[in-house]
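Asker: The chain contents come next:
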Amino acid sequence: MAGPLSGTVSERVAGPRPRPAGPALSGTLRLAGLLARRALLLAVLLVTVFVAVELLPGDAANATSERGESAADLARRRELLGLDRPVLTRFWEWMTGLPTGDFGTSARGEPIADILSKPLPNTLLLGGLALLVTLAVSIALGCWAALKPGGATDRAVSATATGILALPEFVVAVALVLVFALWTDLLPAVTLTDADGSPASWRMLILPVLALAIPQIGWNVRIVRAALADEAKAPHVESAVIDGLPRHRVFTHHLLPGALPTIAAGIATSTGMLLGGAVVVETIFNYPGIGSVLAGAVTDRDGPLVAGVVAVTGAVITGVLLLADLVRSWASGGRT
Amino acid sequence: MTAPLTLAKRAARRLPRRGVVLRVLPALLLVALAFAGPWLAPHAIDTPVTAPYAEPGGEAALGGDQLGRDVLSRLLAGGRELIATSLLVAALVTGAAAFLGALGALRPAVGRVVERCADVLMLLPAVLGILLIALSWPGGGRFAVIAAAVVMGVPYAVRLVAGAAAPVAASGYIEAAAVGGERLWHLVVREVLPNLRATLLALFGLRFVAAVYIVATAGFLQVGPQPPAADWALMIRENSGGIVLNPWAVLAPSLAIGLLAMSVNLAASALVPRSGRREVTAL
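Residue numbers (the UniProt record's numbering), protein chains in the order written: chain A, 1 to 336; chain B, 1 to 283.
Treat the hints with care, since some could be wrong.
Unchecked claim - Here chain B is said to cover these stretches of chain A; the calculated rule only asks that three of the stretch's residues, wherever they fall, bring their Cβ under 8 Å from a Cβ of chain B: (1) 173-185; (2) 311-323.
Stated by the list, open to error - Okay, the calculated beta carbon distance ranges per label pair: (3) A/G319 with B/G141: 49 to 55 Å; (4) A/G128 with B/G241: 28 to 34 Å; (5) B/G241 with A/T299: 39 to 45 Å; (6) B/P26 with A/L147: 27 to 33 Å; (7) B/A91 with A/H248: 48 to 54 Å; (8) A/L29 with B/G241: 33 to 39 Å.
It is worth saying that the hints were derived from the structure and are not from the lab. The structure displayed is predicted, hence computed values, not measured ones. Even glycine gets a Cβ: it sits at the ideal position worked out from N, Cα and C.
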């Protein structure tokens, strides 16, 4: 839920930040603190989601009922799904089941872990590749722009980045399909799947990955560029320049390490946007991921299934944010 | 001798303002066109005028859609609701954030609560948030989308306002007013917020960009407007099957959304106040 919803660069990277720790605090303790904090935030999200689903008018048993089903049938199914037990009991079972990979049962009575087990790796592959592309391209472009501040390259890169960051993923996807699939016939426009449910060819991944990555590259180029510009004003960089160190050495040894925590936080924030955008992009390219599962879940009013998807994506995002915390803590030598 | 000098100085000071106008203009023109669109449409949006996915020409300048309806007419009609909804979301989020942000600067406890909410929401992708609210509110339609966009946008917007309000809240005259026994409401509305006009205007622009993204994505996922409504995002979804036969049925609304997102973003970044802009581009 970041990206276009957070306004400025500083706003976007202002994630939950580890509190300044005293020098007496050891590294392990600080790490445990970070973990606990992230885990707590995730738990709060899961409680919120469960409550939201619980407040649904009409439950899963109702939503999947067939025409002509008697009240007794409904009650039996409700019992089967465990919907007749107190909310607190169900909530406790759901939350305690999550760490063991038990996400409960969907409205149709299938275990949610089974429903997600095939499409989830596909979505993680799609999102992971898009994250890698975002990382590589935005760091490269951001550094390139930062080498000559105010130059033609800088202005071109910054302007383009600002232009594309607000584009919804499906608009980018349509443009890509038109250019690469219909007009030039270079890449496939739809994803065909193998017998095991994964994409049949790596070429089918290119367009979805690009559609996801392009708006995120727009965001992250600006973050990289801004972080480098901030770091360039730091006294140790200035003194390195005055000492006459070669430009590339100043860049790799003095500028980049200082800017790293901000860059990591910015790109970590992209994870949420990538996983959210994946739902939309998968629809366009007919990609076999959780997007199609979600679309079905919303039509079926399958609250438990949606909650399961939120739990998984929340956990993934938590993991990536924690990674960014670690980069921040490592790059600052434990001074955070 | 002094008069021309001050005139020149004044002109120099006005120069960046002209730049702002130039960058805001495309968005204003596009919004005006989208609002006037339904009256300019040559055909009704819900009656077929050509064959399904007919190529451009004759009656329909941009061809037909999946039911043979005129793409141009639907394009002209399809922007008003998207933009009106986005404007409403941007206004609601900016209003709520202005109040909460100023309150948070005066009362740190409130600020901390809002900050924690933003931390939690960061773990929930926007699309999932929309689906979740749409699911919990079956008949909500457009209002469910508005609710989702507002709930998910406010915590981020509050951060921006709180950041801008903190120095104002710490300034002497606010303390003087507080000591003078002014109520909290008066401090927020009369003392703090008027000093944040530029920030709030920029925030409104940024929230509008974000709202266009969310409302369009919801339309694409068919959570908001329902067929046969003409809506740019919905048109893309409905006609993607016939993209080979009449690309314009998909391309035209995509271009419309793309242009809207880009021009509004251009306008929003032009409105960001000088001091705040450094934070945005930091160049």
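Asker: Just to be sure I understand the hint, the distance between the Cβ atoms of B/A91 and A/H248 should be within 48 to 54 Å; is that true here?
Answerer: holds, 49 Å
Asker: Note whether the CB distance of B/P26 and A/L147 lies within 27 to 33 Å or breaks it.
Answerer: holds, 31 Å
Asker: Is the gap between the beta carbons of A/L29 and B/G241 within 33 to 39 Å?
Answerer: Between A/L29 and B/G241, where Cβ atoms are some 57 Å apart, the hint is violated.
Asker: Should the hint that A/G128 and B/G241 are 28 to 34 Å apart at their CB atoms be regarded as holding?
Answerer: Holds, since A/G128 and B/G241 (Cβ atoms, about 30 Å apart) stay within the stated range.
Asker: Just tell me: holds or violated, for the beta carbon distance of A/G319 and B/G141 against 49 to 55 Å?
Answerer: violated, 35 Å
Asker: Do three or more residues from the stretch 173-185 of chain A put their C-beta atoms closer than 8 Å to C-beta atoms of chain B?
Answerer: With 5 residues in contact (Cβ-Cβ under 8 Å with chain B), the coverage given for the stretch 173-185 of chain A holds.
Asker: Examine the stretch 311-323 of chain A for residues whose CB is less than 8 Å from any CB of chain B, and state whether their number is three or more.
Answerer: holds (count 5)
Asker: For the pair B/G241 and A/T299, does the Cβ-Cβ distance stay inside 39 to 45 Å?
Answerer: Given about 19 Å between the Cβ atoms, the range is violated.
Hint compliance for this structure: hints 3, 5, 8 are not met, and every other hint is.
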